[in-house]
Each structure stands twice: as structure tokens, then as C-alpha cells.
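Line by line, the protein sequences give chains A and B.
The numbering used here applies: residue 1 is where the first sequence begins, and numbers increase by one.
The numbering used here applies: residue 341 is where the second sequence begins, and numbers increase by one.
In case anyone wonders, no lab produced these hints; they're calculated from the structure.
Note that CB positions come from ideal geometry on N, CA and C, so glycine has one too.
Just so you know, not all the hints are guaranteed correct.
[As the list claims (entries may be wrong)] A few chain A residues that face chain B, going by a derived Cβ cut-off under 8 Å, partial list only:
#, residue
1, Gly10
2, Leu13
3, Arg17
4, Leu212
5, Trp243
6, Ile247
7, Ile251
8, Ala253
9, Gly255
10, Thr259
11, Leu319
12, Leu333
Number of protein chains: 2
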Amino acid sequence: MGLSEAVLSGERLALARLITQIENDTDPGRKVLDELFPYTGKAHLIGVTGSPGTGKSTLVNQLAKYFRSPSNGQDRRKVGIIAVDPSSPFTGGAILGDRVRMRDLTGDAGVFIRSMATRGALGGLARATTGVAQAMDAAGFEVILIETVGAGQSEVDIARLAHTTLVVEAPGLGDDIQAIKAGILEIADILVINKADLPGVENTERALRSNLEMGHALKSGEDHDRFHNVRASISILADDSGWTPPIVRSIAAKGEGITELADIINKHAVYLKTTNQWQQREHNRLKTELKLYIMDRLYQTWREQVPESIFEQALEGVLQRKRSPFETIEQLLQKSMLKF
Amino acid sequence: MGLSEAVLSGERLALARLITQIENDTDPGRKVLDELFPYTGKAHLIGVTGSPGTGKSTLVNQLAKYFRSPSNGQDRRKVGIIAVDPSSPFTGGAILGDRVRMRDLTGDAGVFIRSMATRGALGGLARATTGVAQAMDAAGFEVILIETVGAGQSEVDIARLAHTTLVVEAPGLGDDIQAIKAGILEIADILVINKADLPGVENTERALRSNLEMGHALKSGEDHDRFHNVRASISILADDSGWTPPIVRSIAAKGEGITELADIINKHAVYLKTTNQWQQREHNRLKTELKLYIMDRLYQTWREQVPESIFEQALEGVLQRKRSPFETIEQLLQKSMLKF
């Protein structure tokens, strides 16, 4: 039995092997992903992001347990968890997180957990995460929770990947919290104030609400054009109709607020599907993905045609300020057999 | 007088105009950067990063004031500040930060401040920031402080760009702080515990020290190979000799610890220059930069040769699971006149 068949038949070891191939971006890995592709597109991809200290991991575990619970009034769903740790590009710090999770969810064949550290290459993490999500999707995992630490590009990448993006907050996490939120809020489909038993929860909610309203005013107000110009280039994040990100309180460590949150997550999936945005998000995501691969292939092909010595020599010329970068790039491009 | 000459002669308005061109990635902007390139390479690029709430902006302002001070026993240096706000990809939240800074540093012709929000494109921010730093460098700014919020790819990008990377901590910023640090620490040349008058400062320092030692053990211990394999792909961050990141305490809001920090920053510059690592970092940075531009040019050239309708049609085929992504990519690549 080939690796594709093994993954499709639900063999965990096969899935784990495939994921390793995807992480290492191997040719066999790509081939298997290609074979599996017709079986993907069913899973609900949920991004979970927010600052350190908000209790994201605990929240993700609780959501996983909820989706696995036979008593939640819905069908039990198979749950994949991808814990992306972009702050550990080097030493694989994600491993520790894995062990902690295992205590709660281990032994349940309906749960598959994988931690990933940042790839070195630009866009490498987003690409690898997409691949891993596809593999889990093909293997029959119906809900895939993608957790990431950090603020910035990684969140935008997640928003690109996920159908539903949760932004997790917690009370009292620093004084420039409001400055931060202005941007982060815009990728949120659902806002979660976790650790809602901590003091300051009212302030956090008030700050989030006023930021949300500011964002709303911005959308419909005088800054409309500027806003939409910026949006144009990242149209996947556009939310043109109807959905206002709700604010949900939770205390994940005590399991409180999880049912309400899961309900809203499910509602968001229904909303996306009935407004055709589900498909629109897939379309945009795939477009970005194809672009990244094509850039990569073009560069590889070019690189194979330009000897390392030529490249290094050109680089040296620039470093010594003998030649300018753009001039050098044009000269380097001419050195390949690609036609320009 | 052309824009290049105006920038070289120190005209602030010209510099501001050029930076706007760089941010919008225009052809004239690239041309001017190319003309200015021979005049770059003198500035000390200092990256300042860390979680929200650590007081990075205040610290950056204090450092700027210190470098501008005639009483610090050193020559006054011209200071550029680039405030990168990767968490505000949409609404340009960086603007607020600008206004706050202005109060302290405005009116000093030896200081130039620019805020930047995240670009939509992958690597776009790193590229734009590199360009802006080069423009300031050519305009005679001798110290360029590049401040970023967030954890993840943006830090790695900064470490790629800067000669010296400061990672800023503060006591009591959340319970998964230690898990986070494992990765962030490795891009730090200098660790700053700001807000050192807050309770918990001893714990923070202890945690940082033990993480540093862990990292050190990892470098020399049994995980040596794994570590170096990962490092290989991001060799710019390697610190093969001699420099152990010192931990400096500061209370930026009161101006305490700034002199000590500035001394260590200057020592790091001397260290880099005497060990040839200054040049090595420039080499690696430039290599990455050239690669990004080449990828971009290759993609643009390819894109011009493939009609939008063909691209969208291919995309649709994939979305409907009629064709697999990799197969589609290969077919799309053949459709261009580039030779493979």
C-alpha cells in the first residue's frame, strides 16, 4: 500500500511520515500531497492566534476536547491540531508544548497533534502549514486547529490559511495592548477574551469594542478609500458583508465558555458557506499558494543555470560598492538561459 | 538637483520622498537607491524587538536621545529610527506611535523618524525596511534603530537586517514567557530587561540566564548536529565565536541603564568589526536581498507572459479538485516563454 492510500485509510504513522516529508519539502512529499488533493477541502480550518500569556494552548486543547465529546449535542468530529511556533526557528522549542498537550488528549485516535517550528525560508512556514493541513484534511480530520504565537506576518499568514480566525486576548497583558490590537483585530473572525476571571476583563472588553467600532467607522467613514486601497492587496481578509466579530469570554483552564465559543465557530462556518465566502477564501488561499510555489520553481530553475561562483562574484562586487544591487540583479538575470 | 543629490546633501524632505517611493516599491525609487548605494554601508543598524508591553518604544527614544547627547563622552551621532509595526497591516496604526515620539525628539535635525506598516507581500516588509535603512544610511544617519513589535518571522527578518539585535523583556508578562524565549533568545546579541523596577525582575533574569545556558549547552552538547543542521539554513544568525549575549537592566521611562546599554551596543559593533562578522552579516543580508528581488523579477516576467484568464482557469480547475496543484504549476510554468 502506498503512502497516499495509507493516509486515506487513516493510518496515523503514515500521516506522521507524510507530514515529515511536507516539513522537509521533499519531492515524494509533494507527490503524495498531489495524489491526496482530490480528497481535501472538507475540513474546517480554524486559526487561533494572540499574544503570549493569553492561554491559547489551553483554549485549543479545550476546543479539541469539546469537538471530541459525545455529549455536546453534535457529532463527534475528528480533530487535527497544528501548533505553529514561529518564535522558535532554531531549537525546535515546539516539542515541549507537544508533551504538555499529550497529557490531555493522548490515546484518542480521533485527535492528531503536530508541532511545527518556523522554516528558514520566507513563506516557508505558511506553505508547510498549508501542506500539513491538507494532509490532515485528506486523512479525515474534520476540524483543524492551527495555533500560532506572535504578532505580525504569521497572523496574516494564518488568516490566509484558515476559514475562521480566532484572536485570543487576556486581561492586563501590557500597556500598549491597544496600539497592538488595531491591526490584529482586522484578521479576527471571533475575538476571545480568555482568562476572563482575571481583574481588568471589563477594560479589555471595552478596549476591544472601541477598536472594533473604530475599525467599523473606518470602513464606512471618510478613510474609506485609504482603507480599501490597503485592503485590495490582501483581499482574502475582506469581510464585505454581515459578519461582525463577536467577543466571547472564556476561562479555558476551567473549561468555561468553551461551548459558547464552539457554537460561534460553527455559526461562522455556516455563515461562510451560505455567503459563498468559504469558497472565496479557498480561492484566495490557493492563489497565494500557487504563486509561492511558482516563485520557488522559477528561482530554482534560474539558480541551476547560474553557477555559485558567478553569484558570489556578483555579490562581492556589490559588497565592495563597485556595482549597485539592481544593476547586478539585471546582469545576473541575463546570465541564465531563461528568456527575458 | 536630482533626488539622489538632495538626499546626499541631507535634505529631509528629499529623504522623506525617497522613503515613500521605497515603500511603494516604485521604479524611480529603485533607481535612486541604486545611485545612492555607493554611499551606504557606514551606519550601525540596530534591531530592537520584544513582546508588547516591554517598553521598546521608550527604550528606542532614550537610546536616540543618548546618541544625540553632547555630554555622553562620544561624538554626537545622527540617528534614524524605523518603527516597523507588523501588527497593523491594514489601518496604518503606526501613525499614532509617530506622534508620541515626536514630542521627545522633534526639532532635532539629527534625528529622522519613520513608521512603517506591514506590506502585503511576503518579504515585502523586510525588503522595504532594508531600502529605508539604506536611504537613511546614504543620508548620513550613523545609527539606525529599527524597532519591531511581535514574535516570529519579523524578528528573524530584523536579525537578518541588523548588525546588532536587542531583544527586550520586562518582568511579569505572562506565564508562557519561558517557552517563547527559547527561540527569540537566539537572535539576540544583547538582552534588555526593561521596566527593571517591576516585581519579578529576578525571575525574569534567572529565566533568561537558564535559557541562555541551555542554548549554549545545545551548541556544544549532544544536539550539536541537529542544531547545526537547522542553523545551516539561517547561517546569518550564527555566532561562532566569542560573543555571549549580555543581559542589561534598564528603566527606560526614567532614563536608567541607557548609558550602560549604549556602551554595550558600541562594544558589539567593535566586536563585529574586529572579528570580520560585520562584513559577514552584510554579505548574508545582501544575498537574501538579491534572492528576493530575483524571485520577484522572475515571477513578474513569468506573469507578464501568462494571461490572467489562463491563471484563473487553472486555479478554478484546482479548486474543483479536477487537477492537483503541482501538476497545475508545472503546466502553468510551461505556458510561459521562459525556458525550463
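For each hint, the structure was consulted:
For A:Gly10, the suggested interface contact is broken, since its CB lies about 20 Å from the closest CB of chain B, more than 8 Å. Below 8 Å, beta-carbon pairs count as interface contacts, and A:Leu13 has none with chain B, the closest being about 22 Å; its hint is therefore violated. Violation of the interface hint for A:Arg17 is found here, the shortest Cβ-Cβ separation to chain B being roughly 19 Å, above the 8 Å cut-off. A hinted interface residue such as A:Leu212 counts as satisfied when its beta carbon comes closer than 8 Å to some beta carbon of chain B; here the least separation is about 12 Å, so the hint is violated.
Below 8 Å, beta-carbon pairs count as interface contacts, and A:Trp243 has none with chain B, the closest being about 16 Å; its hint is therefore violated. Checking A:Ile247 against chain B by beta carbon gives a least distance of about 19 Å; that is not within 8 Å, so the hint is violated. Using the Cβ-Cβ criterion of 8 Å, the hint placing A:Ile251 at the interface with chain B is not satisfied: the shortest such distance is roughly 14 Å. At its closest, the beta carbon of A:Ala253 sits 11 Å from a beta carbon of chain B; the interface hint therefore is violated under the 8 Å criterion.
Look at A:Gly255: its Cβ only gets to about 18 Å from chain B, farther than 8 Å, so that hint breaks. Because the closest C-beta pair between A:Thr259 and chain B is about 25 Å apart, greater than 8 Å, the hint is violated. A hinted interface residue such as A:Leu319 counts as satisfied when its beta carbon comes closer than 8 Å to some beta carbon of chain B; here the least separation is about 6 Å, so the hint holds. For A:Leu333, the shortest C-beta to C-beta distance to chain B is roughly 6 Å, which falls under 8 Å, so the interface hint holds.
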